[in-house]
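Asker: Residue numbers (the working numbering), protein chains in the order written: chain Z, 49 to 341; chain L, 82 to 262.
The reader is advised that the hints may include incorrect statements.
As the list claims (entries may be wrong) - Simulated DEER-style distance windows between Cβ atoms: (1) L:N158 / Z:N68: 30 to 36 Å; (2) L:H168 / Z:L103: 20 to 26 Å; (3) L:R121 / Z:F108: 55 to 61 Å; (4) Z:F108 / L:G144: 18 to 24 Å; (5) Z:A99 / L:R154: 32 to 38 Å; (6) L:H120 / Z:A97: 29 to 35 Å.
Calculated directly from the structure, the hints in this document are not laboratory data. Bear in mind that the values here come from a model prediction, so they are computed numbers and not experimental data. We put the beta carbon where it would ideally sit given N, CA and C, even for glycine.
Given next are the chains, with one letter for each unit.
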Amino acid sequence: MKSKRDISDLFREHRNMEVNPSPKAWRRLERKLDTHRHRGRRNVQRLMALAAAFLLLIIFVLVFSMVLGTMEGDRMAYNEAAPVQLEDLVTTDIDLEAYRVVSFTHHLRDRMAAPISEGGADRKLVPTGVSAAEAGLNAIPREQKAAQLSEFNWLLGRWQGKAAGGKKSVENWQRLNNQNLRGEGIIVQKRDTTFRETILLEDNGEELVLWVQLAERGRSYPFALKRYEAGKAVFVNPDMTFPQEIHLERNGTDQYSIVYVNAGMSDLTAEQSNFLQQRNAVSLQQVRRTLRR
Amino acid sequence: MTEEALIEACKREERRAQKELYNRYAPMAMGVCLRYVRHREDAEDVMVEALYKVLTNIQQFKGDGSFEGWIRRIVVNESLMFLRRRHNFNMTVELDQVREPATTVSAVSKLVQDDILNLMDELPTGYRTVFNLYVIEGYKHREIAEMLGISINTSKSQLILAKKRMQELLESVDYPGVRKA
Numbered sequence: 049m050k051s052k053r054d055i056s057d058l059f060r061e062h063r064n065m066e067v068n069p070s071p072k073a074w075r076r077l078e079r080k081l082d083t084h085r086h087r088g089r090r091n092v093q094r095l096m097a098l099a100a101a102f103l104l105l106i107i108f109v110l111v112f113s114m115v116l117g118t119m120e121g122d123r124m125a126y127n128e129a130a131p132v133q134l135e136d137l138v139t140t141d142i143d144l145e146a147y148r149v150v151s152f153t154h155h156l157r158d159r160m161a162a163p164i165s166e167g168g169a170d171r172k173l174v175p176t177g178v179s180a181a182e183a184g185l186n187a188i189p190r191e192q193k194a195a196q197l198s199e200f201n202w203l204l205g206r207w208q209g210k211a212a213g214g215k216k217s218v219e220n221w222q223r224l225n226n227q228n229l230r231g232e233g234i235i236v237q238k239r240d241t242t243f244r245e246t247i248l249l250e251d252n253g254e255e256l257v258l259w260v261q262l263a264e265r266g267r268s269y270p271f272a273l274k275r276y277e278a279g280k281a282v283f284v285n286p287d288m289t290f291p292q293e294i295h296l297e298r299n300g301t302d303q304y305s306i307v308y309v310n311a312g313m314s315d316l317t318a319e320q321s322n323f324l325q326q327r328n329a330v331s332l333q334q335v336r337r338t339l340r341r
Numbered sequence: 082m083t084e085e086a087l088i089e090a091c092k093r094e095e096r097r098a099q100k101e102l103y104n105r106y107a108p109m110a111m112g113v114c115l116r117y118v119r120h121r122e123d124a125e126d127v128m129v130e131a132l133y134k135v136l137t138n139i140q141q142f143k144g145d146g147s148f149e150g151w152i153r154r155i156v157v158n159e160s161l162m163f164l165r166r167r168h169n170f171n172m173t174v175e176l177d178q179v180r181e182p183a184t185t186v187s188a189v190s191k192l193v194q195d196d197i198l199n200l201m202d203e204l205p206t207g208y209r210t211v212f213n214l215y216v217i218e219g220y221k222h223r224e225i226a227e228m229l230g231i232s233i234n235t236s237k238s239q240l241i242l243a244k245k246r247m248q249e250l251l252e253s254v255d256y257p258g259v260r261k262a
């Protein structure tokens with residue numbers, strides 16, 4: 049009995065038919081394989097060359113950076129034009145002589161930056177030790193010191209007040225020697241000191257000078273005592289933009305205020321503004337700090 | 082050499098092993114290519130290219146299936162790539178215009194190899210390709226449509242037309258055992 053099959057079945061039976069290719073087929077394939085092998089080797093060599101070049105570049109950049117860093121360090125070490133900022137040393141075992149030298153350096157630099165005008169023919173700068181008469185000048189009345197350092201002994205001791213963020217501000221004044229009273233203001237958070245400020249009241253023989261900082265770890269600026277009356281000491285530095293005056297106001301025996309006055313608040317740098325806000329109440333006209341025993 | 086040893090040696094690009102692989106599978110590959118590609122020279126080009134890809138990509142064979150089946154798929158794909166470069170398979174024929182031919186063949190009728198190739202040569206490229214893929218390789222219409230970039234309906238109609246043409250050819254020469262139903 050004939051069974052029915054589809055025409056497709058006839059073809060399926062030859063699914064695995066084999067036909068021998070011509071002899072040159074293998075030779076063509078072999079040539080392609082040889083080319084592939086050489087290309088592969090070239091690719092590997094190319095990759096290795098790229099990797100080597102990249103490694104050399106990295107080494108070059110590293111060496112160059114190191115050399116630059118060394119040169120920069122040398123330049124900074126010997127660069128006289130680089131600004132020198134003298135840091136006020138705050139230690140309990142202060143070398144007073146060194147401190148006086150540093151203070152004098154500050155003072156001298158300030159004077160050199162703002163030289164005293166010589167003025168008219170009737171005024172003349174003379175060297176120390178030479179009297180006006182010896183210099184052929186009329187005697188120039190010498191201003192008396194506004195006050196003695198001892199008149200500020202009321203500052204000595206511990207004061208406290210409020211600081212930014214509700215923290216506690218503590219200021220401790222002590223006598224360093226016959227010429228200097230030093231106040232150290234700190235902000236305490238829990239048991240950590242988070243802010244430090246140093247104020248110095250100096251008797252330089254000619255006048256009392258109040259040295260204050262306007263930035264943490266920044267230089268101190270001198271303000272000369274202009275007058276001291278009714279418990280209010282006015283220190284001035286006309287060369288400053290802000291402040292031009294600093295007032296120490298004694299309010300009874302248990303309270304005093306320090307006030308930085310005069311316009312120019314907008315001239316403060318961000319660092320100075322931030323510094324002043326730590327222990328003081330700041331407004332456009334003045335910066336005030338009130339401390340109590 | 083066992084098949085595993087042969088594969089490993091080919092992965093190491095040993096020329097002797099590559100020749101051995103060629104000797105074992107080139108005739109099968111040539112047979113596949115001749116069913117798809119009309120001219121022998123073209124079919125041989127396709128076969129060489131296909132085996133070149135087998136030997137240069139043999140690292141991708143993980144051994145989790147038939148090695149011959151893997152080679153066959155590469156050969157079929159290479160054949161289709163050759164055809165796609167020369168032929169647009171996007172022929173739209175309405176399926177309902179084509180009827181499945183009714184043909185029976187006797188159980189004893191057989192086609193010899195040369196007959197197969199000659200009959201294949203008579204078919205247009207589109208018919209032949211779909212016929213090969215569906216009838217001989219065993220792909221489904223959905224897979225054929227994806228491979229050739231045509232619709233499933235086109236694949237089905239191409240197959241029917243291929244069978245119809247094949248029937249006509251066989252009847253025209255009074256091929257033994259083939260008659261209309």
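Asker: Hint by hint, note whether the structure agrees.
Answerer: Now the hints, each set against the structure:
1. L:N158 / Z:N68: 30 to 36 Å: For N68 (chain Z) against N158 (chain L), whose Cβ atoms are near 22 Å apart, the range 30 to 36 Å is violated.
2. L:H168 / Z:L103: 20 to 26 Å: Hint violated: Cβ distance 51 Å, outside 20 to 26 Å.
3. L:R121 / Z:F108: 55 to 61 Å: Roughly 60 Å apart at Cβ, these two residues keep to the hinted range, so it holds.
4. Z:F108 / L:G144: 18 to 24 Å: 47 Å Cβ-Cβ, so the 18 to 24 Å window is violated.
5. Z:A99 / L:R154: 32 to 38 Å: holds, 37 Å
6. L:H120 / Z:A97: 29 to 35 Å: violated, 44 Å
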